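Plus 187 on top of the position in the sequence shown (first one is 1) and you've got the numbering used here.
Possibly wrong hints are sitting among the right ones.
Stated by the list, open to error - Taking CB as the label site, the calculated pair distances span: (1) 220 to 339: 21 to 31 Å; (2) 363 to 189: 23 to 33 Å; (3) 252 to 372: 33 to 43 Å.
Because the hints were derived from the structure by calculation, they are not lab data. Note that the coordinates shown come from a computational prediction; the quantities given were computed from them, not determined experimentally. Backbone N, C-alpha and C fix where the C-beta goes; we use that ideal spot for every residue, glycine too.
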Amino acid sequence: MVVVGITGGIGSGKTTIANYIKSFGIPLYVADKEAKALMNRSKVIKRKLIQLFGDKAYVDGKLNRPFLAKMIFNDKSLLNQMNAIVHPKVASHFKRWLKKQDAPYILKEAAIIFENNLQSNYDYIITVVADENLRIERILDRDDTTQEKIKAIINNQWTDSQKKELSDFVISNNDLDQAKKQALQIHTKLLKITAE
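Can you make the complete structure from the sequences, with help from the hints?
Here you go:
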């Protein structure tokens, strides 16, 4: 099974593009969504996160996301420790999911493929890029957050030019109609590659 990663900085529109490609019948695995679900569902993860962050990590049995976000916001070591707990579980969940798929290729959406040096886990990588001002605008419209917080996240991620260098395909998403055209061309190419 050909595994295609789709990535991009916060607010680039990678989820919108991933869902567009999914509409062609391509199975989509969203790593962040599955990580959040596992953080609520897995007893092992819960226990380890409470050991790491204390009892405030969960409220009424549910992940206390604002608390965790505040804790890891300026502490890379805590972020890395949390990722070391969550990422292996997501990886094994993905492997099980992958075995059940039947399609020319699958799409795995993940925000930090390059930052975590995981590019070797993919056959091809699509990076979605957009102007930083537009990305900030999109996130402010979508989330209850501040420009300062968004900039801190952007500064923690690789730049678009760094990602482009290691990507097989790049979609520019300043204009959604144009981005969808690019996505369709890439989908068509991937179908040709996987048919060979």
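Verification of the supplied hints:
Our hint of 21 to 31 Å for residue 220 and residue 339 holds, since their Cβ atoms are close to 22 Å apart. Here the CB-CB span from residue 363 to residue 189 is close to 26 Å, well matched to the stated 23 to 33 Å. Taken as a hint, the range 33 to 43 Å holds for the pair residue 252 and residue 372, whose Cβ atoms sit roughly 37 Å apart.
In this structure, none of the earlier numbered hints is contradicted; all agree with it.
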